[in-house]
Amino acid sequence: MVAYTTELPIRLDLDTSHVEVASRWATTGSWWSGVERVAIVEEVRRARDADDLAPWEAPSQLDGLVAKDHLLPTAVVDAIWRITNHPGTLTAEWHASILGQDVNPQAYVELVGVVAQANAVDRFADALNVARVTLPEASSDQPLRSNDNSAEVTSHWVPTAQVKGPNVVKALSAVPFEVESMSLLSATQYVPMGTLLSDLVSDQNSLTRMQIELIAARTSKLNECFY
Amino acid sequence: MNQDSQISFEAIDGSQAGDGGVKHGALLSRLCEAMFTQDPDEIASIRDEVIEAAGPDVLVDAIAVSANFYMMTRIADGTGTPLDVGTIEPSAEIREIVGVNDFMSRREASR
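In order, the protein sequences belong to chains L and Z. Add 21 to a position in the first sequence, counting from 1, and you land on the number used in the numbering used here. Add 593 to a position in the second sequence, counting from 1, and you land on the number used in the numbering used here.
Treat the hints as calculated values from the structure; they're not laboratory data. Just so you know, these numbers come straight off a predicted model, no measurement behind them. Glycine is no exception: its CB is placed at the ideal position from the N, C-alpha and C atoms. Check the hints yourself; a few may be wrong.
[Claimed, not checked] Derived CB-CB ranges, DEER-like: (1) Z:N694 x L:S81: 45 to 55 Å; (2) Z:E682 x L:Q163: 29 to 39 Å; (3) Z:G648 x L:G85: 25 to 35 Å; (4) L:E41 x Z:T630: 21 to 31 Å; (5) Z:I687 x L:L92: 42 to 52 Å; (6) Z:A646 x L:V23: 22 to 32 Å; (7) Z:A637 x L:T112: 30 to 40 Å; (8) L:S161 x Z:D632: 33 to 43 Å; (9) L:T95 x Z:A637: 29 to 39 Å; (10) Z:A646 x L:S161: 42 to 52 Å; (11) L:D162 x Z:I687: 18 to 28 Å; (12) Z:R699 x L:T95: 21 to 31 Å; (13) Z:D650 x L:D70: 20 to 30 Å.
Chain Z with its partners taken away, still in its complex shape (with noise of 0.2 Å):
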C-alpha cells in the first residue's frame, strides 16, 4: 500500500463510521448494505445518491464489486477455507478492528 494513503479500516465496519479516507467511501458501503438488505427502496434511493455524487459509471463498477463478493464469501464458507497461512498475523489487528474475529466462519490455516 502507498504510504501516504490514509486508511482507516473502521470503514469497513459500518457506513456510521464515514469515509475512511476513500472518496465517496461512507456512500459506497451504504450501497453495500443496501444490497445486503436487499430494501427495494433502499436500493433505488442508494442508487440516485450514488449516480449523483460519482456518476452511472461508478454505480455500475461498484455492485459488480460487491456482487463478485457475494461469490468469493460463499466459495471461501462453502468449502471451509482457512485463512492463509502467511494471512494470519499481519492481519491480526485489522481483523480486530474490523470486528470478525467472532464469525462462526473463523477457520485458520495450520501453521
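With the rest of the complex left out, here is chain L (with noise of 0.2 Å):
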C-alpha cells in the first residue's frame, strides 16, 4: 500500500512511514480508542481547512462550528483547533484550561502527539498538491487508561517520564507510543535521531545538512516556536 500516488519522486522510505503512521492513528492507544484517533485526525484537517479563527477564539463557542454531537468533549476541540493553527500562543494557563475541564494529563500528552503528527504529514501533501494520506478503518477497542505513575511535572507543563536526551524527545515520553510515531516520522522526513549531532555537511538524501537545517529552522520561525 501506498500513500502518495503522484509522478513525484516520493521516497519509498517516506511514503512508508506516512502509512505506518496513519495505520497508529487508527490503532487504540493509551488514552484514546482508534476511532476517538481518526476523530481527532479528521478534526486537525477540519481546523486546518477552515477560515482563520483567532488565538483566543474557541471553536466551540462559535455557532455550527462544532457538531453538539461530536465524538470528542468540547475542550479537546478547542485544543486541537488552538495547537494545529496557533501553536505559538500556547501558555501554561491555556494548558491548565484544558486540563482543567477533565481532560486527563497524559490523555492531553497523546492528544497532542496525534495532533502534531497529522500536522506533519498532511502539510507534506498539500504542498506537493497531493490528495492526503487516507484513513484507515479505526479500532473501536477501548483504552486502558492507565497513568503512568513513573511520568511526573518537572521541566514540561505536562508528565514527563525519566527519559534522557533532549527536552523536545522528553516531551511525549509519559505516552511511549507517541514518541515512536514521532521518530518514525522525524527519520525519513528529517534526519534519524542517532545522526542529528553528525558532521553538519554531511549530505542527506538530496539535501545537504545544512539546507535541512535552514529548512528547519525556517519553519521554526515562521511557527513562532522558540525551542
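Starting from the two chains in their separate frames, assemble the complex, guided by the hints.
What follows is the structure, given as C-alpha cells:
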C-alpha cells in the first residue's frame, strides 16, 4: 500500500512512514480509542481547512462550527484547533484551562502527539498538491486509560518519564507510543535521531545537512517556536 | 560544524536575507514561507521554481523537512518544552540574530 500516487519522486521510506503513522492513528492508544484518534486527525483537517480564527476564539463557542454530538469532548476540539493553528500562542495557563475541563494530563500528551503528527503528514501532502493520506478503518477497542505513575511534571507543563535526551524528545515520554510515531516520522522526514549531531556537512538524501537545518530553522521561526 | 563553512544565520530570519551561504538557501526559505501562508498559487509557483533550480527530489525532501517541523513545533509548544539547559548559553547569540527571544513560546529550563 502507498500513501501517495504521484509522478513526484517520493522516497519509499518516506511514503511508507506516512502509511504506518496513519495506521497507528487508527490503532487504540493509551488514552484514546482508534476511533477517537482518527476523529482527532479529522478535526485537525477541519481546523486547517477552516477560515482563520483568532487564537483566543474557541471553535466550540462559535455557532455551527462544532457539532453538538461531536465524538470528542469540547475542550479537546478547542485544543486541537489552537495547537494546529496557533501553537506559538500556547501558555501554561491555557494548558491548565484544558486540563481543568476534565482532560487527563497524559491523555493530553497523547492528543498533542497525534495532532502534531497529523499536521506534519498533511502539510507534506498539501504542499505537494497530492491527496492527503487515507485514514484507515479505526479500532473501537477501548484504551486502558492507566496513568504511567513514573511520569511526573518536572521541566515541562506535562508529565514526563525519566528518560535521557533533548527536552523535545522527553515531551511525549509519558506516552511511549507517540514517541515512537514521532521518531518514525522524523527519521524519514528529517534525520534519524542517531545522526542528529553528526557532522553538519554530510549529505542527507537530496539535501545537504545545511539545507536541512535552514529549512528546519526557517519553518520553526515562521511557527514562532522558541525551542 | 565544519570550520570551513561560512553560514549566515540571518537567512533564517527571512528569504530576503539571501542564501546565507547555503545552496538554494533563499529559494528554500521562500518554499517554507509559501508552505506557511498556504496560498495555493504561491505554493504552486515556488514548487515549479524549486524543481527547475534544484530538481524534484529536492522539492520533495525540502517539503518533508519543513513538514516535520510543523510536528516538532507543536510538540514543543503544546507540552511547554523548555530550551535545554546546555543549549541556553551557546545559542544566545544565534537567538538574538534570528530574532526569537520575544516569542511568547520562550521557555528556558532551570539550571
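To see whether the hints hold, each was checked on the structure:
1. About 34 Å separates the C-beta atoms of Z:N694 and L:S81, a value inconsistent with the hinted range of 45 to 55 Å.
2. Distance hint check: the CB atoms of Z:E682 and L:Q163 are about 48 Å apart, inconsistent with the given range 29 to 39 Å.
3. One distance hint, 25 to 35 Å for the beta-carbon pair Z:G648 and L:G85, is violated here, with the actual separation near 46 Å.
4. Between L:E41 and Z:T630 the beta carbon distance is about 30 Å. The supplied range of 21 to 31 Å therefore holds.
5. Between Z:I687 and L:L92 the CB atoms are about 44 Å apart, so this pair conforms to the stated range of 42 to 52 Å.
6. A beta carbon spacing of about 28 Å between Z:A646 and L:V23 agrees with the range 22 to 32 Å that was offered as a hint.
7. In this structure, Z:A637 and L:T112 meet the distance hint of 30 to 40 Å, their C-beta atoms being roughly 36 Å apart.
8. Evaluation of the 33 to 43 Å hint for L:S161 and Z:D632 yields a pass: the beta carbon distance comes to about 39 Å.
9. For the hinted restraint 29 to 39 Å between L:T95 and Z:A637, the CB-CB distance of approximately 37 Å keeps it satisfied.
10. Between Z:A646 and L:S161 the C-beta distance comes to about 49 Å, which sits within the given range of 42 to 52 Å.
11. A hinted range of 18 to 28 Å for the beta carbons of L:D162 and Z:I687 is inconsistent with their spacing of about 47 Å.
12. Checking the proposed 21 to 31 Å range against Z:R699 and L:T95 shows it holds: the Cβ atoms sit about 30 Å from each other.
13. For Z:D650 and L:D70, the Cβ-Cβ distance of about 29 Å falls inside the hinted range of 20 to 30 Å, so the restraint holds.
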